[in-house]
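Model the placement of chain R on the given structure of chain U, informed by the hints.
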Amino acid sequence: MSIFVDETTKVVYQGLTGGQGSFYGKLNRAYGTQVVAGTSPKKAGTDVDGIPVFATVSDAVAATGANASCIFIPAPGVRGAVMEAAEAGIEFVVCITEGVPAHDEAWFFNKLRRDFPNTQLLGPNCPGIISPGKANIGITAGHIAKAGGPVGIVSRSGTLTYQALYELKQKDIGVTTCVGIGGDPVPGTSFIDCLRAFEADPETKAVMMIGEIGGSAEEEAADFIKSSMTKPVTSYIAGVTAPPGKKMGHAGAIVSGGKGTAAAKMDALRDAGVEVGLNPTEAGELMAAIVAKL
Amino acid sequence: MDLFEYQGKQLFARYGIPVSDGAPVTTVPEAVEVANRIGYPVVVKAQVQVGGRGKAGGIKLAANAEEARIHAEAILGMDIKGHVVKVVWVERASDIAEEYYASFTLDRAAKLHLGMLSAQGGVEIEQVADENPDAIAKIHVDPVDGLTEAQCREWVAAARLNPDATEGAVDILMKLYTAYTEGDADLVEINPLILTPDGRVHALDAKVTLDDNAIFRHPDYTDYDATQVRDTREQFAHEQGLQYVGLDGSVGVIANGAGLAMSTVDIVNQVGGSPANFLDIGGGANAEVMAGALSVIVSDPNVRSIFINIFGGITKGEEVANGIVQALERVQIDAPIVIRLDGTNADEGRAILEPHLSDRLQMQPTMLDAARRSVELAGGTAK
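As you go down the protein sequences, you meet chains U and R in turn.
If you read the first sequence in the working numbering, its first letter stands for residue 79, the second for the next number, and so on.
If you read the second sequence in the working numbering, its first letter stands for residue 70, the second for the next number, and so on.
Calculated from the structure, these hints are not laboratory results.
Just so you know, even glycine gets a beta-carbon here, dropped at the ideal spot from N, CA and C.
Keep in mind that the hints are not guaranteed to be accurate.
Stated by the list, open to error - Here are the simulated PhoX-like cross-link-like pairs (lysine-lysine), alpha carbons at most 25 Å apart as the crow flies: (1) Lys276(R) - Lys129(R); (2) Lys155(R) - Lys324(U); (3) Lys304(U) - Lys283(U); (4) Lys104(U) - Lys385(R); (5) Lys247(U) - Lys385(R); (6) Lys385(R) - Lys249(U); (7) Lys180(R) - Lys189(U).
Said to hold, decoys possible - From chain R, some residues computed to sit far from chain U (all C-beta separations above 12 Å): (8) Tyr109; (9) Ser163; (10) Asn231; (11) Glu236; (12) Lys244; (13) Asp289; (14) Asp292; (15) Gly448.
Okay, chain U solo, but in the shape it has when bound (with noise of 0.2 Å):
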């Protein structure tokens, strides 16, 4: 099995008409996603190399009953996108769009959690997810993940969680499902929402854990997989040497009046059990060793 998205998961792209939206949107479609519609308000009724265009979620949803849908619409209009998903009554909304306003991040989370307590947002800033085999909703480029388990993948960077996926196929060992929930101040979607995800996924039988300096989510994550997991956990932070006070390309990492340091993100970690590698490569050797004994 996989968590949030599969094979029967059906897709709308918000924004599939422009640049961005219909490259991947494309490619998520040949990698066997079911991208069921695309919206764009000025150019419904048209398509996108076969995938129908409609004017909004609603009318796509009514159409095709799409399900999930992922965003790809400039910062400026990820708000009013986002709650057009919900209204919508999409279920899993995957926000690729980068340079969102943390204060737009948090009215949205609270209204989201308030209001539409059935929609989970993954993002925004993130890479995506991608159930390799099943579905690559978002900008991973498919071919370096292996399907089929027994690894779960969450991740706040990017390219830290295409060097995870890679490695671990170099290894032969599988993917369930890789959740890249991004580097922004207020993700839609928490590690702990993946482990508890990934504790309750059968055919996940360990985790890889990727954090980044900045905040108390690795804290937080901590805590949760000391009480609540069962299945061994790895894990690899960045910015062990990252200087305080500067922010460290992404939004959220930075290490702010002694708080957010990777230091005290790998003592949490350990003291919960989970074994920490230094690099990226340490960590995949971790978790080869975890799945030879499995």
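Only chain R this time, still in chain U's reference frame:
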């Protein structure tokens, strides 16, 4: 984006928060002119984005024009912890009865806005949090609902300020919340928020960090961007649209993706080297972006070797390799380069690089090998 005190106060003033009458100046005669206009005594304050200005002699009281001249002369051009003072803020001096602390920021764990208010102001809030956490009254605000006046009153009561300050504090905090949300700030902080002997509440300092991602809603924020403190390398990179953070070492780092770039900096440190920078060129890695990145790296005189760490995802290895080859033709580079290319079509990419390899351009199979080689080429000993 961090604002200077004077920019923060000007922003606060737009939202009706009382601040002292004053103006930012860059020359001594202007400082005296402003002081004469607003009336003595005045305070001459160094505008630097670093703590400890007062202790360093960057904040002085002047009773007359002669003192204003002397202080402005001393403070303009002063070096405070590596920050050279280019602007001073001259403002009317305030009588202080009590000093408080007030701020709003995002609580990432709770995913709600967090207001903090304390009767113990004028000192570092981290110190208060450590020594006397109960002295900070906290309020969580749901962004969907916003802050109501009733909640704000309850919060002020919990902070146990002087009762004379209650009305003024409620008024300022409501306005501060509006400045925080409408202004798209990551942080708004008033420390100290003062109560004067005649019962007025007033912002004596202003610390504001704005969200770079929200500039599309605030076209005027580009003015703040022009005054950002960046070293020459960071300024150059910023102009090229690159994500760059300057560090002190000798190994120049280029990687695609923020996580991989951070990881590359880590691994150079772990094998015994010292990175010169963090540089994320994003997903594409075409010739133009690579050339821009290399020109930023070579503008740093400390760089003695360069580590290019690329993982091809959607972008194929041969595209990355062609980008590197073309960039090398455009930029004059003295430092030796070590490349690690992996991911999609890595073999094809490596084949393209093969004929160009030399002592000056080397290739290594893994991140770890490449890090070690770049550290050695920078004159260090790799672990």
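In rising order, the numbers of the hints this structure does not comply with:
Result: no hint breaks.
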